[in-house]
Amino acid sequence: MTSKNLKVDIGGITLNNPVMTASGTFGYGKEFESFVDLNRIGAIIVKGLSLKPSKGNSPPRIIETPSGMLNAIGLENIGIETFITGKLPALKDFETPVFVNIYGTTIDEYAALADRIQDVDGISGMEVNISCPNVKAGGIAFGVDCRAAADVVRAVRLKTSKPLMVKLSPNVTDIVEIAKSVEDAGADSISLINTITGMLIDIETRKPKLANITGGLSGPAIKPVALRMVWQVARAVKVPVIGIGGICSAEDALEFFIAGATAVQVGTANFINPRATLDILEGIEGYLETRQIKDIGELIGSIRS
Amino acid sequence: MTIQETATVLWNHSINTEYAHIGLACGAGYADARPGQFVTLRLPDRSTPLLRRPFSIHRKISANNETTGIEILYKIVGSFTRTLSLAKEGDRIDLLGPLGHGFSISEQHRKISLVAGGIGIAPLVFLYDALKESGVSFSESAVFIGGRTQTDILCKSVFSSSNIKQFITTEDGSEGEAGMLTAPLSRWLKSHRPDMIYACGSMPMLKAVIAIARLEHVFCEVSVETMMACGIGACLGCAIQTNMDSEKYRHVCVDGPVFNAEELIEG
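From first to last, the protein sequence lines are chains A and B.
Numbering-wise, my numbering puts 122 at position 122 of the first sequence, and it's gapless, one number per residue.
Numbering-wise, my numbering puts 195 at position 195 of the second sequence, and it's gapless, one number per residue.
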């Protein structure tokens, strides 16, 4: 094997490889320890955290759809304090950078979370979630408006020098506008896409299949949409773009690199195959090897017309 | 220890038009598997259906006192189980387990009632095997097997290996007593006091059994089923409200699938 460079700079931090886990699909990391060598993952992004623990939505919360799944977990989480004292210590045993995904219901809450995380050892960066479709009072409210999105990012930026990734919603008219505004507000990188809002109805009972009525669609079904948006955003911003959306194989990930993503996040695939991240990483290595590509950087944004 | 492995199909037999059982050769990880624990399966090289599917461990397969595999009893209900029913000897299946918390087996609980609705019999056979191994005589124990119709009455012969009393009910009266299994269960409890009721079946059935157990002040454990994606406590999709803590949901995959009946909210 010739030596290949898989290292990528995603804005303020260099990862050993470009395969990360998507928030909400990898628990707090430890859940996957029996299945994956956590040291080999590019970065772990943990389940979205709020200042206080959150109960989440009523069940049923998930349902399978053709080539995808619809979820309305509602950001159930243990809260930032319990994460720092109870979950983070176990993650410190690994070399993998840990990003904390944060969400609030007000700009002040986002700022308070960033402030709390700023000096915590073992947290490499944060991903600001302004795009959860399943929480009425927060998340998405900031992600669909350029000014609100920028206000959140600016408030977080003031509190932190750690790498700041902002996760965008696809449920907008023009994702490029939102991307530009969060870049201007100080984001170090932009991750996209979060889930696409959807719903299902049981025709016997005529009730929605999810208690929350609507949920977020993920999985292979959304990959083409995600790829299109990543391509659009990568052309429009200077900061690194992280591709998310239905990535289940190395081939899927490679499409995102070619479209302009500097790194990718693997989400729903973790549920189907807990070893998905490493299978994808090994597939990427194999692709580079066969084509004598020495640096993953050569692929990024290499789309041809 | 939970592991993901490629299991080989030993055999796959249909029982009747709706039910089948499959034997899977797997690693030594299942030697310590407990009754009530489950596994998730994924059919290789297929992206539809997308998610893994959870199945109770029905029995352990042993050779020379070593666990060499597991048996899964399944109902053919959708595209996953239809495809599973076509698996042949030697085929490979992605197996992840053992998962979750199983039934508790205690020296104090020697008089047992097993209550199974339809495919709910699956984990109770493993439990019966384990209870037998732990020295339960079953002379004052009973098994209640209920279903909509005769096709749903499974595993009767398993219980002939002891003197456990068998009660069978079908809603259409095609086998055993016509009606629900709660009827013979209630009658049994009038003259017998089990140390423990173990139940597995649909949620309405479990609620009825829990109500009876509470009324008669008998310990009861139930195995519940919900929609589930990861099976390992990551997706939080399998939330269930218990009365342990109103501020928190518990999760069937890691906190269950077996719960103490007292934990489950009535209604």
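These aren't lab readings, by the way, just hints derived from the structure by calculation.
The beta carbon of each residue, even a glycine, is placed where N, CA and C say it ideally should be.
Heads up, some of the hints might be wrong.
Taking beta-carbon pairs under 10 angstroms as the criterion, some of the chain A residues facing chain B (in silico) [as the list claims (entries may be wrong)]:
1. 26
2. 31
3. 59
4. 65
5. 273
6. 274
Checklist entry - Close enough to count: is the Cβ of residue 26 of chain A nearer than 10 angstroms to one in chain B? => result At 6 angstroms from the nearest chain B Cβ, residue 26 of chain A passes the 10 angstroms test, so the hint holds.
Checklist entry - Taking 10 angstroms as the limit, does the beta-carbon of residue 273 of chain A come near enough to a beta-carbon in chain B? => result Where the cut-off is 10 angstroms and the nearest Cβ of chain B is about 7 angstroms from residue 273 of chain A, the hint holds.
Item to check | Interface hint for residue 59 of chain A, Cβ within 10 angstroms of any Cβ on chain B | outcome: holds (5 angstroms)
Next on the checklist: Take the shortest C-beta to C-beta distance between residue 65 of chain A and chain B; is it under 10 angstroms?
Outcome noted: OK, holds: residue 65 of chain A within 10 angstroms of chain B, min 8 angstroms.
Item to check | Hint check, residue 274 of chain A versus chain B [nearest Cβ-Cβ separation less than 10 angstroms] | outcome: holds (6 angstroms)
Next on the checklist: For the restraint on residue 31 of chain A, tell me whether the closest CB of chain B is nearer than 10 angstroms.
Outcome noted: Holds - the Cβ of residue 31 of chain A comes within 10 angstroms of chain B, reaching about 5 angstroms at its closest.
Violated hints are absent here; each numbered hint is respected by the structure.
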